[in-house]
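Got chain A sorted already, so can you dock chain B onto it with the hints?
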Amino acid sequence: MEHVIEKWPGNVYELTIGATKEDGGTRSRKVKAGGINTLPFLHFEGLTPNQPLIAMEVWDIEPSEWPENLKNEFNEVLNNAAQWAKKCEDLGADLICLRLLSADPDGKNASATEVARTVKDVLSATSIPLMILGCGNNEKDSSIIMDISQIAKGENCLIGMAVKENFKTFTAAAQAGGHSLIAETPLDINLEKQLNILISDMGFGSDRIVIHPSTGGVGYGFEYCYTIIERTRLASLSNDKMMSQPIITFVGQETWKIKECKADETEKPEWGSLKERGVLWEIATASGYLQAGSDILVMNHPKAVNEIKNHINKLMEK
Amino acid sequence: MLIIGEKINGMFKNVKEAIQSKNKSIIHEIAKKQLDAGANVLDVNVGPASVEPLKDMEWLIHSIREISNAPLAIDTTKRDVMELGLSIAGPDSFINSASGQKEKLDMLLPLAKKYKSKVIALTMTKSGVPANAESRLEIAANIVASCMEHEVEVENLYIDAVILPVNVAQEHANAVLETIRQCKLICDPAPKTILGLSNVSQGTIDRPLVDRTFLAMALAAGLDAAILNPLDKELMNVMITAELLLGKNIYCDSYLEAYGKK
Chain A
1 MEHVIEKWPG NVYELTIGAT KEDGGTRSRK VKAGGINTLP FLHFEGLTPN
51 QPLIAMEVWD IEPSEWPENL KNEFNEVLNN AAQWAKKCED LGADLICLRL
101 LSADPDGKNA SATEVARTVK DVLSATSIPL MILGCGNNEK DSSIIMDISQ
151 IAKGENCLIG MAVKENFKTF TAAAQAGGHS LIAETPLDIN LEKQLNILIS
201 DMGFGSDRIV IHPSTGGVGY GFEYCYTIIE RTRLASLSND KMMSQPIITF
251 VGQETWKIKE CKADETEKPE WGSLKERGVL WEIATASGYL QAGSDILVMN
301 HPKAVNEIKN HINKLMEK
Chain B
1001 MLIIGEKING MFKNVKEAIQ SKNKSIIHEI AKKQLDAGAN VLDVNVGPAS
1051 VEPLKDMEWL IHSIREISNA PLAIDTTKRD VMELGLSIAG PDSFINSASG
1101 QKEKLDMLLP LAKKYKSKVI ALTMTKSGVP ANAESRLEIA ANIVASCMEH
1151 EVEVENLYID AVILPVNVAQ EHANAVLETI RQCKLICDPA PKTILGLSNV
1201 SQGTIDRPLV DRTFLAMALA AGLDAAILNP LDKELMNVMI TAELLLGKNI
1251 YCDSYLEAYG KK
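Read top to bottom, the protein sequences are chains A and B. For the first sequence, the residue numbers in our numbering are 1 to 318. For the second sequence, the residue numbers in our numbering are 1001 to 1262.
Excised from the complex, chain B in its bound form:
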């Protein structure tokens, strides 16, 4: 599974302070820790408090690039910040994120084509997140059609079926799993599927348990990627074990340790 590490986000206090004080070593440390823990891609978000998102995004990316060439997921709602991020992060970056809203797709897909980036697209529209799988899939199909129009390869599209917190929208979990399963049937080659995992456990008492359990279920449904906290070792172990049980890796007694070994 492709892992996008979620920790470089101005929403977190240490990152917010690092941005404000321009303290690169904090960013270096978070980036390195996530990559060492198995992240393939690093999410980069300047946070809601950023007064100068353009400058902050540029600073964050340059800071990360001092220690790693790992692909980045540019996490912003602003078009100019997105374009700047994609232009300096290089190819194989991720747009995080588009949605089923036509204006958003028309704004972001040309950027994906121009910068050869991958696109994360949420199955939601202006009217919000639908409660059932059918409506989510309908949005996903529209997103696929938009990609084709904009000449973005469907293999570079990651459909995010949008999991909501289980304590407010319990019926969504099943709908999301069903969406992940059926996304593979939309077209051939099929779009990939992704989840912003930690959303499922917002406001619950034992968040790690909810995250882990849902990740295992989603992997069994065919999930290709997740935005998550790779520093949660138990979560990573569940992922590795789930992939093992799905036959993606060959078993050996030290399979946890062997995962991602170079």
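Just chain A, with the same shape it has in the complex:
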């Protein structure tokens, strides 16, 4: 049979996250995402200079909605973001994904100063690169992002989420603090490209954007996200520079909120052990997104993280 090898004119931008002492930061190492010039894991066809990264989620409030079997993994640290982050570092995360949910006006409504202090604590407690997200309320996030960016200045973090409504503030904040930016769009490839253009039009390097095309868990829109990611990747390989950014997916977040990962055996005996089910669901979702082309996976359960790391190592074998 003929061995078909595609030669693509383009590649995905390579993004470095984190800054060591030499770069003016305090991290012990940096990580790189993207850089690939072929579809995922086709080592015979092109180069995959960096393997997909695993970020582990850390919240600055207790995740009351999480199922017990996930919470149990972090029990002693759930009320302390810095210790929680340190635990994730020890568990083998490539980077920390810090979510500042305490800022939510419908919840604790923490101030910019308060969340900035948390960022500082997490940076002090850990030595791996950091990703920082707001609470998801556009207005509030816009009002805290500049302080967050400033407190982490020089650490070359990845900050988000820049969306259509707030991208100007976020871009300015990322620019001022020397960070990279996650651009999020609601599962629409045209809006995805447009947001990247709008951000780069502000003078922000298009090679410092990470695309979040939206994430759906398995059974909850996964196929739509898969398709969007695949189309984005094909556009990057065809040299569309406004579609050539690394892609991030929030696997854990979309796994642990669905009923399949929350309903226990008494409620759904036919679904089997909840303890295993949730972990397997997160693994299945993550492995799917690896094949779609996700460069950064944000995950939760240590067992799922471990399993996916092994899986990536195998996929990276030439």
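Hints are all accurate, no fakes.
Straight-line alpha carbon distances no greater than 30 Å define the calculated DSSO-like cross-link-like pairs of lysine-lysine that follow:
(1) A/Lys7 <-> B/Lys1113
(2) B/Lys1116 <-> A/Lys7
(3) A/Lys7 <-> B/Lys1184
(4) B/Lys1184 <-> A/Lys241
(5) B/Lys1248 <-> A/Lys164
(6) B/Lys1261 <-> A/Lys241
(7) B/Lys1192 <-> A/Lys241
(8) B/Lys1261 <-> A/Lys168
(9) A/Lys164 <-> B/Lys1261
(10) B/Lys1233 <-> A/Lys241
(11) A/Lys7 <-> B/Lys1248
(12) B/Lys1261 <-> A/Lys30
(13) A/Lys32 <-> A/Lys168
(14) B/Lys1261 <-> A/Lys32
(15) B/Lys1114 <-> A/Lys7
(16) A/Lys7 <-> B/Lys1261
(17) B/Lys1116 <-> A/Lys241
(18) A/Lys241 <-> B/Lys1032
Note that these hints are calculated values from the structure, not bench results.
Same frame as chain A, now just chain B:
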């Protein structure tokens, strides 16, 4: 679509004067403007008035090379000027142009092989440009065969189906479109197709309108490249929009601006 900018041509008054007075800054400016506007390749022609075409070609290429390494299309009918141009312009240059005439192919294809250049070949012979698509395709097939003989890869061949001015040869436009469509069927991998676009509008009242319309039609027929004026913004916008409608790029509201963005 591959765009070859047509503005560095001694036929134009400013270029002619630049060559005569050896004014490099004019050439730099025209080259830069075309590249900024989206040209991938720059056509270089010393013009009919040049008394020393060898020297003028050398001067033009060296001038362009001071500001850009973009591939060049060496546009001349003289073999020695062509060889000199290819030798100093570097690989990925274009020979502009060969035709279906055997002597021309035998003269130029060895140069294409030697300098690893691409070849633009017109579907015409000594007896001129045929009026129908069938005869154009027959010439194209002969050119493909010649390339194979001379070990020039067919992927590096650009067939120019020769569009004539619509006010003198109206029936040709359709024949050219048909030729572009069927060129892809000659062999696999197929030769690429190209047009010297502005010829279609020679002598018409609204030249830009005729150029734009024909470009959109030719793109729909499968055109791969064109020699045109990239400084005509409307023309470029039509090209970008046509390619968008053909699904070559992903739509977004700022798609015109996004085109070619680095």
